[in-house]
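K.L.:
Numbering of the sequence shown is given in my numbering, commencing with residue 7 and proceeding in unit increments.
Read the hints as simulated data drawn from the structure, not as lab findings.
A few of these clues could be false.
[Claimed, not checked] With a straight-line Cα cutoff of 30 Å, these simulated DSS-like cross-link-like pairs (lysine-lysine) come out:
#1 K58 with K121
#2 K64 with K121
#3 K64 with K87
#4 K103 with K64
#5 K121 with K103
#6 K87 with K58
#7 K87 with K121
#8 K87 with K103
The structure displayed is predicted, hence computed values, not measured ones.
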Amino acid sequence: MHIHTLATDGAQVIAITEAASSGGQFGHHVMLSAIRFDLASFDQAIEELNAKGHRYAKSFEVIERWRVDARNQGPRSRFGKTLAALRDEVGDNLSGKVLCCATDDDAEDVVESFKPMARAIGLHLALPAAAQSTQRERF
Numbered sequence: 007m008h009i010h011t012l013a014t015d016g017a018q019v020i021a022i023t024e025a026a027s028s029g030g031q032f033g034h035h036v037m038l039s040a041i042r043f044d045l046a047s048f049d050q051a052i053e054e055l056n057a058k059g060h061r062y063a064k065s066f067e068v069i070e071r072w073r074v075d076a077r078n079q080g081p082r083s084r085f086g087k088t089l090a091a092l093r094d095e096v097g098d099n100l101s102g103k104v105l106c107c108a109t110d111d112d113a114e115d116v117v118e119s120f121k122p123m124a125r126a127i128g129l130h131l132a133l134p135a136a137a138q139s140t141q142r143e144r145f
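Whole structure, please, built from the sequences with the hints as guidance.
P.N.:
Have a look at this one:
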């Protein structure tokens, strides 16, 4: 399991992962996946990814998956183009504006570079509950 990208809007996180794939006589097939989970369950989702991958229903949602050959990973290869397309769609899969994003281009370990970025913005703090009023105030 390899995480290429992590991005958040403050409530949800999008992760682009690479996992080994079975099948195919030739090549080194992998699955590039875009998954979504809540920022509050970040540690739990990362543990589940490391333990069992993303085959079964977990605390995250698999948005899309693509089977590609990982032998060639340049920007013009199918792997590179698929990864670039998944990264371009990160903002579309989040409900709000992307507040912070960490990629494997920036640092060797995406998870370790994502945590300080989220703390710097203050996303690790619990947000106060909004007051829910059943009646509208009239002016």
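K.L.:
It remains to establish, for every hint, whether it holds in the given structure.
P.N.:
Each hint, compared with the structure:
For the given pair, K58 sits about 22 Å from K121 by alpha-carbon distance, which is consistent with the 30 Å threshold. For the suggested pair K64 and K121, the alpha carbons sit about 21 Å apart, so the restraint of at most 30 Å is met. Taking the CA atoms of K64 and K87, the gap is near 28 Å; set against the 30 Å cutoff, the hint holds. With a C-alpha separation of about 25 Å, the suggested pair K103 and K64 falls inside the 30 Å cut-off, and the hint holds.
Restraint check for K121 and K103: satisfied, since their Cα atoms lie roughly 18 Å apart, inside the 30 Å limit. A threshold of 30 Å between alpha carbons decides the hint, and for K87 with K58 the separation of about 27 Å falls inside it, so the pair holds. Taking the CA atoms of K87 and K121, the gap is near 27 Å; set against the 30 Å cutoff, the hint holds. Only pairs whose Cα atoms come within 30 Å are accepted, and K87 paired with K103 is accepted, the gap being roughly 24 Å.
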